[in-house]
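Student: When you get a sec, could you build the whole thing from the sequences and use the hints?
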Amino acid sequence: VRKSKAADEKRRSLARQARDDYRRLSLQGIHRGKQADISKGATAGDRRPLQYPPLPPKPKLPPPAMANGRAIRKEGVQRTMSNSTEESIIKWFKEEQFPLRAGYLKTTDTIAPWFHGILTSKKAEELLNKTVPGSFLIRVSEKIKGYVLSYRSVEGCKHFLIDASSDSYSFLGVDQLQHSTLADLVDYHK
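Be aware that the sequence shown starts at 367, since it is given in the working numbering, and climbs by one per residue.
The hints are simulated quantities; they were obtained by calculation from the structure and are not laboratory data.
Worth double-checking, as some hints may not be accurate.
[Claimed, not checked] Derived PhoX-like pairs: lysine-lysine, alpha-carbon spacing no greater than 25 angstroms straight-line:
{"no.": "1", "residue 1": "K489", "residue 2": "K457"}
{"no.": "2", "residue 1": "K509", "residue 2": "K489"}
{"no.": "3", "residue 1": "K496", "residue 2": "K371"}
{"no.": "4", "residue 1": "K524", "residue 2": "K376"}
{"no.": "5", "residue 1": "K472", "residue 2": "K457"}
{"no.": "6", "residue 1": "K489", "residue 2": "K460"}
{"no.": "7", "residue 1": "K524", "residue 2": "K489"}
{"no.": "8", "residue 1": "K488", "residue 2": "K556"}
{"no.": "9", "residue 1": "K524", "residue 2": "K509"}
{"no.": "10", "residue 1": "K369", "residue 2": "K556"}
{"no.": "11", "residue 1": "K460", "residue 2": "K509"}
{"no.": "12", "residue 1": "K556", "residue 2": "K496"}
{"no.": "13", "residue 1": "K509", "residue 2": "K488"}
{"no.": "14", "residue 1": "K457", "residue 2": "K488"}
{"no.": "15", "residue 1": "K488", "residue 2": "K371"}
{"no.": "16", "residue 1": "K460", "residue 2": "K488"}
{"no.": "17", "residue 1": "K457", "residue 2": "K509"}
{"no.": "18", "residue 1": "K369", "residue 2": "K472"}
{"no.": "19", "residue 1": "K489", "residue 2": "K556"}
{"no.": "20", "residue 1": "K376", "residue 2": "K556"}
Tutor: Given below as structure tokens:
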């Protein structure tokens with residue numbers, strides 16, 4: 367969650383810097399006479415188009431891994447929302463995740479205080495609204511075979527899907543860091 371906030375702050379900072387650069391360059395152009403005065407442009411028809419500052423370069427992504435001349439892609443979550451019932455999710459958790467000790471503290475036989483089992487998003491929000499901003503819980507999703515991190519921010523509750531479809535755990539979307547256990551994922555992002 368902290369890394370997500372840091373990335374958001376970095377994007378805001380880059381946008382703020384681009385706006386400031388644009389304003390600075392526009393003012394420099396006016397002072398040097400590069401941009402026609404608005405009153406002269408209106409009478410003489412000498413209006414030049416605005417020149418925007420260049421955009422920052424896009425981040426360079428590492429080249430994809432190759433095998434037999436084809437790119438190897440990471441398997442994504444198999445979203446089976448249409449046929450994932452509560453019973454099938456319970457069965458998935460008991461048969462596949464419980465033996466992996468998902469939801470337990472790393473070195474003990476104790477269920478982690480942040481793990482709440484199968485819980486609806488509404489119930490998670492009710493629980494989190496009684497806590498301080500920054501509080502979170504992990505729950506088994508009621509819709510897909512995976513987990514959800516429910517987080518209370520100052521603005522309200524946010525929910526982040528956790529991919530558990532392979533032999534690791536990672537957030538769906540931007541953060542693709544993979545962790546061997548659910549507890550490792552939580553400890554890394556705390």
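Student: A separate judgement is required for each hint: does it hold in the structure or not?
Tutor: The hints, checked one at a time:
1. K489 - K457: holds, 22 angstroms
2. K509 - K489: holds, 14 angstroms
3. K496 - K371: holds, 22 angstroms
4. K524 - K376: holds, 20 angstroms
5. K472 - K457: This hinted pair holds, its Cα atoms lying about 23 angstroms apart.
6. K489 - K460: Between K489 and K460 the Cα gap is close to 22 angstroms, so the pair holds against 25 angstroms.
7. K524 - K489: Distance ~13 angstroms between K524 and K489 Cα, so the pair holds.
8. K488 - K556: Judged against 25 angstroms, a Cα distance of about 23 angstroms means the pair holds.
9. K524 - K509: holds, 16 angstroms
10. K369 - K556: The given pair, whose Cα atoms are some 10 angstroms apart, holds under the 25 angstroms limit.
11. K460 - K509: Holds - the C-alpha atoms of K509 and K460 are around 16 angstroms apart, at most 25 angstroms.
12. K556 - K496: holds, 20 angstroms
13. K509 - K488: Answer holds: K509 to K488 is near 13 angstroms, not above 25 angstroms.
14. K457 - K488: Roughly 23 angstroms between the alpha carbons, so the hint for K457 and K488 holds.
15. K488 - K371: The hint holds at about 24 angstroms.
16. K460 - K488: holds, 23 angstroms
17. K457 - K509: Holds, at about 13 angstroms.
18. K369 - K472: holds, 22 angstroms
19. K489 - K556: Holds, because 22 angstroms separates the two Cα atoms, which is no more than 25 angstroms.
20. K376 - K556: holds, 19 angstroms
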